[in-house]
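Number of protein chains: 2
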Amino acid sequence: MAKKVHKPIGNHYIVEASGCDPDIIGSVSKVQQILVKAAEIAGATVWAESFKKFSPKGVSGVVVISESHISTHTWPEYGYGALDIYTCGDDVDPEKAINYAVEAFGASTSHITEITRGIDDNDRIYYHSIITWEEDFGEIREQKTNKRKSRKP
Amino acid sequence: MAKKVHKPIGNHYIVEASGCDPDIIGSVSKVQQILVKAAEIAGATVWAESFKKFSPKGVSGVVVISESHISTHTWPEYGYGALDIYTCGDDVDPEKAINYAVEAFGASTSHITEITRGIDDNDRIYYHSIITWEEDFGEIREQKTNKRKSRKP
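Chains as they are written, first to last, in the working numbering: chain W, 1 to 153; chain S, 1 to 153.
Hints should not be assumed to be uniformly reliable.
Repeated chains share a single entry, so a pair holds when one copy, or any two copies, can fit it.
[What the hints assert, rightly or not] The calculated PhoX-like cross-link candidates involving lysine-lysine, where the alpha carbons are at most 20 Å apart (straight line), are: (1) 57 to 7; (2) 30 to 7; (3) 96 to 53; (4) 52 to 30.
Simulated from the structure, these hints should not be mistaken for lab results. These figures come from a predicted structure and were not determined experimentally.
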């Protein structure tokens, strides 16, 4: 990682994706391809990958990137995929990764929290701030621009 | 993973640990040992580990566990360690992992958000709830019981 990006500020997205395609999120190879491509689209360098099918249907996986990680855990029987991505530095755009992965999972809606980490008031006591919003893709994704963003106190 | 724990509910802890010992959080081997032991203390099965030193001083690592992951990214020059752990099922106690890791990092304070993931209202539209609190260990950890917990709306 270049010295210029070694600030402690990072962004962590926590995403619950609903209405996902069970055939996609139930396939280890498809989920792995999607997460690796998501990391690449975000501009991250992939170091390592670990994916596994778990009983009875789900997939669990982590892509380790130079700027931290992107992970998922899926429940095809509920059409539900839990995703998170944590990145540091200005060279990576984690929102691109999330947008790509959620769309590739075939999700109809997603509930997203963005956590800005490593903030301090010049006292080296670090904390994070939180924003949560919903995205509704609609059955034919016509509502994709229907994004609501609300800051939680 | 046993079928009984295949519910979509999971717990994700996002932790900013401040005042950490630079000699500990700057050492790849020490950070790796701490995270692996944290996973074991929580009752998780370790599948894979990926740790790396990054320029100029930090350590970045992920332990992939059967119930998802525990990761860290450290900045020894600021005494700051970012940690997160995501687990599903009733067989793992992620708070034990966090408590162990934060103490092993030598942190004086931590800012913690617990995200309960995979909640729905029987409509398969999943969301999460959020609680944030601070822990102040004090210089000699006398204030360790001084835990404040506040529910964020």
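Outcome of the hint check:
1. 57 to 7: Classified as between; 12 Å across copies, 40 Å inside a copy.
2. 30 to 7: Close neither inside one copy (34 Å) nor across copies (22 Å); limit 20 Å.
3. 96 to 53: Intra 26 Å, inter 26 Å, cutoff 20 Å: neither.
4. 52 to 30: Within one copy only: 12 Å inside, 27 Å across.
Checked against the numbered hints given earlier, this structure breaks hints 2, 3; the rest are met.
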